[in-house]
Structures are given as C-alpha cells and as structure tokens.
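**Student:** Please take these sequences and the hints and turn them into a complete structure.
Chain by chain, the residues:
There are 2 protein chains.
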Amino acid sequence: MNFLSLFCAFLCLTPALAIWPRPQNLTTGSTPLRLSSTFSINFSGINQVPSDLSDAVTRTTNFLKTDKLQALTPDRGASSSSAVDSARTLSSLTLKFNPGATVTSLSSEATQGLGTQDESYSLQVPANGGSAVLTANTALGLFRGLTTFGQLWYDLDGTTYTLQAPIQVTDAPAYPYRGFMLDTSRNYFPVTDIKRTLDAMSWVKINHFHWHAVDSQSFPVVVPGFEEISQKGAYSSAQVYTPADVKDIVSYAAARGIDVMVEIDTPGHTSIISQSHPEHIACPEATPWAQFANAEPPAGQLRLASPATTTFTANLIKAASSMFPSKLFSTGGDEINENCYTKDPQTQQDLASQGKTLEQALDTFTQATHSVLLDAGKTPVVWEEMALEHQVQLNNETIVLVWISSEHVAAVAQKGFRLIHAGSDFFYLDCGAGGWLGANINGDSSCNPFKTWQKAYSFNPTANLTDDQAKLVLGGQQLLWAEQSGSSNLDPIAWPRAAASAELFWSGPGGDVRTALPRLHDVAYRFVQRGVKAIALQPQWCALRPGACDVDA
Amino acid sequence: MNFLSLFCAFLCLTPALAIWPRPQNLTTGSTPLRLSSTFSINFSGINQVPSDLSDAVTRTTNFLKTDKLQALTPDRGASSSSAVDSARTLSSLTLKFNPGATVTSLSSEATQGLGTQDESYSLQVPANGGSAVLTANTALGLFRGLTTFGQLWYDLDGTTYTLQAPIQVTDAPAYPYRGFMLDTSRNYFPVTDIKRTLDAMSWVKINHFHWHAVDSQSFPVVVPGFEEISQKGAYSSAQVYTPADVKDIVSYAAARGIDVMVEIDTPGHTSIISQSHPEHIACPEATPWAQFANAEPPAGQLRLASPATTTFTANLIKAASSMFPSKLFSTGGDEINENCYTKDPQTQQDLASQGKTLEQALDTFTQATHSVLLDAGKTPVVWEEMALEHQVQLNNETIVLVWISSEHVAAVAQKGFRLIHAGSDFFYLDCGAGGWLGANINGDSSCNPFKTWQKAYSFNPTANLTDDQAKLVLGGQQLLWAEQSGSSNLDPIAWPRAAASAELFWSGPGGDVRTALPRLHDVAYRFVQRGVKAIALQPQWCALRPGACDVDA
Chain A
95 MNFLSLFCAF
105 LCLTPALAIW
115 PRPQNLTTGS
125 TPLRLSSTFS
135 INFSGINQVP
145 SDLSDAVTRT
155 TNFLKTDKLQ
165 ALTPDRGASS
175 SSAVDSARTL
185 SSLTLKFNPG
195 ATVTSLSSEA
205 TQGLGTQDES
215 YSLQVPANGG
225 SAVLTANTAL
235 GLFRGLTTFG
245 QLWYDLDGTT
255 YTLQAPIQVT
265 DAPAYPYRGF
275 MLDTSRNYFP
285 VTDIKRTLDA
295 MSWVKINHFH
305 WHAVDSQSFP
315 VVVPGFEEIS
325 QKGAYSSAQV
335 YTPADVKDIV
345 SYAAARGIDV
355 MVEIDTPGHT
365 SIISQSHPEH
375 IACPEATPWA
385 QFANAEPPAG
395 QLRLASPATT
405 TFTANLIKAA
415 SSMFPSKLFS
425 TGGDEINENC
435 YTKDPQTQQD
445 LASQGKTLEQ
455 ALDTFTQATH
465 SVLLDAGKTP
475 VVWEEMALEH
485 QVQLNNETIV
495 LVWISSEHVA
505 AVAQKGFRLI
515 HAGSDFFYLD
525 CGAGGWLGAN
535 INGDSSCNPF
545 KTWQKAYSFN
555 PTANLTDDQA
565 KLVLGGQQLL
575 WAEQSGSSNL
585 DPIAWPRAAA
595 SAELFWSGPG
605 GDVRTALPRL
615 HDVAYRFVQR
625 GVKAIALQPQ
635 WCALRPGACD
645 VDA
Chain B
95 MNFLSLFCAF
105 LCLTPALAIW
115 PRPQNLTTGS
125 TPLRLSSTFS
135 INFSGINQVP
145 SDLSDAVTRT
155 TNFLKTDKLQ
165 ALTPDRGASS
175 SSAVDSARTL
185 SSLTLKFNPG
195 ATVTSLSSEA
205 TQGLGTQDES
215 YSLQVPANGG
225 SAVLTANTAL
235 GLFRGLTTFG
245 QLWYDLDGTT
255 YTLQAPIQVT
265 DAPAYPYRGF
275 MLDTSRNYFP
285 VTDIKRTLDA
295 MSWVKINHFH
305 WHAVDSQSFP
315 VVVPGFEEIS
325 QKGAYSSAQV
335 YTPADVKDIV
345 SYAAARGIDV
355 MVEIDTPGHT
365 SIISQSHPEH
375 IACPEATPWA
385 QFANAEPPAG
395 QLRLASPATT
405 TFTANLIKAA
415 SSMFPSKLFS
425 TGGDEINENC
435 YTKDPQTQQD
445 LASQGKTLEQ
455 ALDTFTQATH
465 SVLLDAGKTP
475 VVWEEMALEH
485 QVQLNNETIV
495 LVWISSEHVA
505 AVAQKGFRLI
515 HAGSDFFYLD
525 CGAGGWLGAN
535 INGDSSCNPF
545 KTWQKAYSFN
555 PTANLTDDQA
565 KLVLGGQQLL
575 WAEQSGSSNL
585 DPIAWPRAAA
595 SAELFWSGPG
605 GDVRTALPRL
615 HDVAYRFVQR
625 GVKAIALQPQ
635 WCALRPGACD
645 VDA
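Heads up: the protein sequence lines correspond to chains A and B, in order.
In short: position in the first sequence from 1, add 94, done, that's the numbering used here.
In short: position in the second sequence from 1, add 94, done, that's the numbering used here.
If you are wondering where the hints come from, they were derived from the structure by calculation, not from laboratory data.
Careful: at least some of the hints might be erroneous.
One copy or any two copies: either way a pair holds, since identical chains are not told apart in the list.
[Unchecked claim] Within a straight-line C-alpha distance of at most 30 Å, the following computed DSSO-like cross-link-like pairs (lysine-lysine) qualify: (1) K326 to K162; (2) K509 to K450; (3) K326 to K437.
**Tutor:** As structure tokens, this is what we get:
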C-alpha cells in the first residue's frame, strides 16, 4: 500500500479526477474521451442480477446525466472544447463478476459483518472507445466500482467527458469500518434526512451508519414491546422512528453498501426513560444538573444495581437489536455519573443488599446486556470508558469507540480490544459552534476549536501503536452530536467535511491535504448537484485555482 | 426607556410571547383569546392604501394561518386546550394612521434616509372580542406593528390563540440602523437567497441590508457602463446580479421596510477588476499573496495615485450608487496593503510625479470618490481604518463601520463620526468555522471563537462613550463574510443568531439572555415554518423547558 500511495502522490498532482476516496491504484492517460449519448451500463455473464445492484446501476446512469460537474478551472473546461468535441465516445460500461464469485445481493453483503466483506473491484476505461469493464468478487465490490466510475467525468456544455483516458483502477479499502455517526436524540431528524445522509455516505464509500438513536433528551425509536418509552419519551408522536421506518432506513442503507450500527446508550444518557419507567431511573432531572450529569442536562441514569432494571435493559437491548440485521450493536457506556448513584437511595440499597460496589454492579449489568447480544451472534460495541475507566469484564470481541481523546487509543489497544477511531480531537463535527447552555454569555463549545476536514484527514490511525496493535484498528468515523443541529444544518455541518475520514480510512493515511483539496471541492459541488447541501470550503476563486489559496502560496 | 425596560424585565418572565424584538412597552393580561376563522385585517380611514402595505397585510394574514407555532412547553399547549376552546374570538385587526399623517408608500419611507424615518406604532388587542387596533404615523410604522401582531399567537390543533389578552404595545426603535451584512463576492448567492434573507430580516425588524456586493474574488454586479467588469470578473455569466436583479432586490427590500446600502470596496479588495482593467490594478494576484494582501488572496488594489484610475473609480461609484435609491453608500476602505503599492512601479511613478505620499494620494482618491456621492445627496460610509489609520479628510457626515474591534468605537466617536457597530469580536457570523486556507492542517478561524447569539446580544453599544458620543451611535449589525458560505449554509449560519443584534438595536441594550432564549427559540421555529432554515439553538428538550438547560440550572 505504501508503494501505491507514493504512486498516487504523483498522479494526483495532474488535473484532478474528481474521485473520492482516492483509489489504492489509479493510472490515467491523457486522451480525451466522452460518454456516448446512448451510453449504457450492462451486465455480462450474470444470470440473475440482484435488484439492489441493478437499482444502483440506474442511479449511476442518472447521475452521469445530471451531475453536470464543470471542471474547477477558471474557464470551467472551455479551453478543452475542441478536444472534447473530437474525442472518441464510450458507449458502455460492462459489469462482470470474477470467476468463481457467488452472487448475492449487495444488501446482504453490506450487513454480513466486519472483516468478511469484499469491497475490492477493478475498473478499466479504455481510450479507444471500447467498452469499459468493471469486475469484482461481490455485488458490494461492483457497487464500489460503480461509485468510482460515476466520479470520472466532467461536464462541458452537456457533454460528459474526461481528459485522462485510459483510466485503470484497482481498489479495496484500507480499513473495514468507515463510519458516520448521527445523534437523533438531542434533536430529531426526519427519515428523509437520514436517507439523504445515507446516499451521501455511499458516494464516498462510507459503509457504517452509527446511529446514536436515543439519549437522555428523547427516545424516538419505537421498540416493539417497549412502545411506552417512545410514546412518553419522543418529542412528539410525529418525531419517532417506527419499526417500519427503521426497516426502511436499514434496507435503504444496505442497498447502498451501508451497515446500520445502532446505539442504545446505557446505563447513562437515559433520563427520558423516566417518563415511562420512573422505577428504572436514578436522579431523573435532578438539579443542579451539573452535579448529577457529566456533560449536560437532564440528569438520569438506569439503576444499574437493580435486578429489575438490569432485566428491563437487557430485554430492551434484545428487542432493539433484533430490529437491525447488523452484527454490531452499541450499548454505549460513556459518561456515567457516580454522584447520581451515590444520591439515589434505591441504588444504595441495591448495592448494600447485594454486597457490591458500584463497579461490580456495573460489571453485572454489562454482562447481562452484552450476553443478549452475544447470544444473538452480535458484537457489543462500547465507548472507551467501559474499557479504560471501569472494572468491567468485557468479552474479547467487544469493539471500543475511542472518543475522549485519540491519545487514549494506545491504552485501548494495549488491552487487546479492537477499536474504532472517533476522537473528539479530530472527528467531532459539532465542535466550535459556541456554547449552547442558557444564561451563559461567554460560553464556548465544549470541544473547541472547530475540527476542519484537514484535521480529520491528517489523522494517523496507527500512531503510537505496535504492528500487532495496529491490526486492532478497524477504522474510524466523523460524528455529529445534535445539541445544535437538526434538519436545518445537517448537510452543511457534515458535508463535504465527513468525506475526510471516508478517504482516510478507505485509502489509508498519508494523504496530502494539498492534492486532496481540489478533489474535495469536486465532492462538494457534486453533492450540491445531487441535493445534499455541502458547503463551499473556500471562495469559489480558490476552488477554481488549486493551490492559489494555500497558506504558503 | 430604562423604566420601560425594567417593566419588561418582569413581564418577560411570564410565559413567553413569541415577540422579537422586545417592544419598548408591552403589557399583557391573562385572558385566553383566539383568532376567528374569519379573522381579517382591515384599514380604517385610508382612502388609498399603498400597495406595498396591503401586500404586507396579505403576507401577515397568511402567516397567521401557516405559522402553526406550538407553545414551547413539554405538552405543546395541550393543557390549555379547554381554555382555548372556550376563549372569545378576535375577528379583526384594524389599521389606522394617526391624525395628520401623510400617507406614502412603505417603500419610499424605507429608503428615505437614516433618522428621518418614523417606525413607531401602537397596538391594542382587547380581551373582550372587540377589534384589535394598530395605529402609526407612517406606513412603515404600520408595517412594524403588523410584524409584531403576527408574533402574538401560538397554534393548538389548528386554533390560533394567545393566553395573554389583553395585549397593549407601544413601540419604536432604540436605534435607527439595524442591519445585516452579506458578502456576495467570495461566494455567490442567488437572488432567491437574498430575497429570503430580506424576508427573514423584516420579521425581526432589521431595516438595513448592507450588501458587500463585490470584492477581490468576484464582481457579480453588472454596473451600467461598466459591464466589462462583471463580464470578466463574475464567477460565470449566471453568477451575476443584473440591473434588473438589483432593482428587484431593492424594491423587494423596500417593501419590507429595508434600505439596501451597497458597498463597492475601494481601493483594496479589488483584484478581480484586473481581469477587465489591468491598467487600474496594482499587484494583481501577486505572490506570495501574504506579502501583497492583508487577509487572503488574491492580492490586487486600485492604483489610487493614478488620476485615470481615480476617475474610473469615481465614475464606477457614481454608476453603481445610482442603481440604489438609498442615501447610504459604502466605499469600503479596509485593509489597504502598503507593500502592494510600494512594489508597483506605476504607483511609485505617479506618487513621484505628483510629489505626494501614499496617504496624500489616498486622500485625493477618497475625496474624488466621496464627492460623487455627496453631489448625489448621498452619505459615504467607510470601514474604520479610513477614520483611524489614514490621513484622509472625511466629510463630517461620513458614517464609520467599526469592525476590527469594538474597542475602537470610542476612538471613532472621539473624532466626531457617526458610527455603526460591526465589531468582529461580537458580530461576525463566520468566526469559528476553522481555517479555510489550503495546505494548512491546523489552521483556525481568523476570528475565533464562534460568536454566539448571546455574545452579540450582550453587547453594550455605548460602552466607554460620553453621553454626547453615544448620540453618534446609529446602531449595528451582524455580518456574514462568505469565504466558507454559500446557498448551502446561509440560513443556518445567520438564523436565528442574527436576530440578536436586531433586538439589541431595536429594543436597546440590557436585555437578559435568560428571558430572551425562549423567545429566540420561538423565532427559530417560526422561521423554519416560513422556509428559512434557522438552526436549533439547543436540544429540543431544552427548548421546551425554559431555564432547565441554563449553565447554572
């Protein structure tokens, strides 16, 4: 991979192909080529094309017509006009499976589990007008290749063209987990927002949607058998995700190569459950909140020492996890407030009667909630405190989300856990937006400063790790906590910024922000054209003149 | 005003009326009242109703039906259901001019000049079902009162109601200038974005649109007689504001009580003019840019010592200013880079042949550009450097925009200039969004941190000023520089945050962020319903529970 990365470092200095993430191996020529007006995408040697794959082909075909991405140069490609007009035409792209491939649907591959997926593909676009060919071992691989194919082209006065044929790509991800996390509890996001986000994720080959579905503020997911929680705990009867919504989101995601890893955060971040189940929540909405909740109001945590609450939680997690085909399920475990339990008479009584410390009770509680997942063949995922701060015997297969600081990665790896990068110091999308607590004139963001795309992009996933520890890194993600977000600003906060980690964890580290920026501008313009409100990263003057607005230009 | 402010400090602690900005005098009762299904707004004693005022009535009538703002309480008003159902109905609002008023159009009043406008109004909404009455001396006053009337109501299952009749308001602005600045050069905003922003501004009684129309990066305004500048200097032929667009924007604004103060920034911030007039620009796109431009690339400034360039600029300003009825016109004058002129042979030659220093040449240049404005009966507006850093003899009537720091206000006032607050330390909307220059992994915003609404709201407009100097304060504004903005994030960056200065400069200083927050939540929800993508300032849990998420709650 290092050799290939070096290889690309040179190639990527040529006028940008609008590809994101950077393929592992990309060679380009200098021959103009344009799409025929009758261009089509066909399958070869496949008896029964999975319907989700053929839907993806339809979408790609449409994008080729509607993207209309102009070259980001001052003349928007006009000086290439005669070269484009006289270029040979490409009339088709042919999709083939490699010999011996077992053809299943894209959706089933997307959810079949980390490390078992084959996303590799190979793409040839000849310069001579012969058909382009995309091959892969799986429908998922073909889907990734289709995504790349859709990024090879610019538009000039209605002609879809490249100046860089022939193009050859062989590609596969550096890491199996590339994610995006959305918090739908602090503020609610309609299903259409989530679907649009899934589309955007798929365009940059992100393959995991970490859905932080519920929290202390609201519980929008309608969990079968636990309907009362959302009935009393959603912001309104309209601000919910019904089982049908969940199914819709899961299948929409899977058809785009994305696995939905849901999170029911426990035992903290559960205040709102007190609305339907006051018996299970310690210190609900206790004030002053800062004494009972680590980060923000309202206070309230599951009574982890109560056998009844433990059973309730395990059953809730069992029911919630059965709504999702994913092998991954997060039980959270962050920011447990000790004082809340110290001041809760029932918890103190439960601990005394069982002769347990709070940490021992947390261990029992966690064993109970994780065993329902393990019994169902699923892998528990937790926030870093569960591995680093508490005395909990986690199953070896548990996956740890490192969020407080990327400097904690080594400690998690030293304990032998697989991990996902989610460091607030690199990957939090909500940082830098000012303080949101009331009555606070000079309040600032809890994780200042704003985390730029460059910051995420420059992250080294294996810093301070041994070679063996480095194998524990599954990948990473950018995250949007929604205290100051909702439908109105989801897109502009997330895009194109969240594409930074998509390339980092697909292409591998070491990318150069200098050569990445022009391609990321392309991503932003393409996203806008496709209905995702990505922001302008720079003045358009800069976007049209790669390098001219570099700090040292 | 102090007495009235105190008065409101108590009243505003009662369940919030969703009024923004806070009226100077507001009394409310505790009687429920709902709008009749046949509710109408009528005029009394007016022979010929100005068409822009009757259009405003139509818009208000529609908003009363479509706002559907639910009370921001956990039950969204449901507990008031029986009170609302049995409430008396209000069937009409009657608009009247005070005796002796001269009736002219809202639009003509909006543009007639600072300090000559009468925006005062008086509004009575009785509790007994009798008609509500709105009176004013001008169409502009009636328009402001209509805006307030539209904010008195919540929705419960289709019924538009208040729980606080009778309501009496007498109101007038504390400051004549409440503004919003938008930069349309770094990135282009379509006319529809500008119109939507004008609507939003009018909803919070902002009365000046400071249009930073052009800059070094692009020149989108098509100025009659100078069409070549935008032809070569707009980002594309589609990314322009034609004279018809300008006329449309100006009349749209005026019909909403807003005066458009355009800015053609000179002599700096003009690089792009070199595309059509290389003879007038020193150091165009010179590199390294940081040596030739103060803040960002591209470098390039008008050759201020050249008589030909001076004439060209004066004629350009004359032509541009004649597109706008406003009495205000900004010639900018910020961030002049001396090195650019030092290294420009022609400027050095011009200075030598005229025996002038650069500052003397700047004075001559400014006299020329300002005299065309003064001759046309307009008032020049400049950024603070022109008053504080340069040896320029500004006309006494010149208005100064204080931007570098609000600590510079006193110095401007000491020089006797009227001033507008635009301090980057309180009012810049773009701060805190990370560094945007390329090749810069740890780059940060040039004006970190993010400026929250609380920060702007808490500003004291007359700090460190004598009583006489305080009279020089015309008002203030929040500003959006568009290096990292465009259509995708205009609304969420600006709203509801830019409403903070709207209330500060309408209601006067001393407002309490604690009581303002619930009303600002109402503003945000109402804006979203009206199609402006205002953001969630807090988790919805907090929005529904005033005070519960205060830092000290």
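**Student:** Each hint: holds or not?
**Tutor:** Status of the hints after comparison with the structure:
no. : hint         : result
1   : K326 to K162 : between (47 Å within a copy, 23 Å between copies)
2   : K509 to K450 : within (25 Å within a copy, 74 Å between copies)
3   : K326 to K437 : within (25 Å within a copy, 70 Å between copies)
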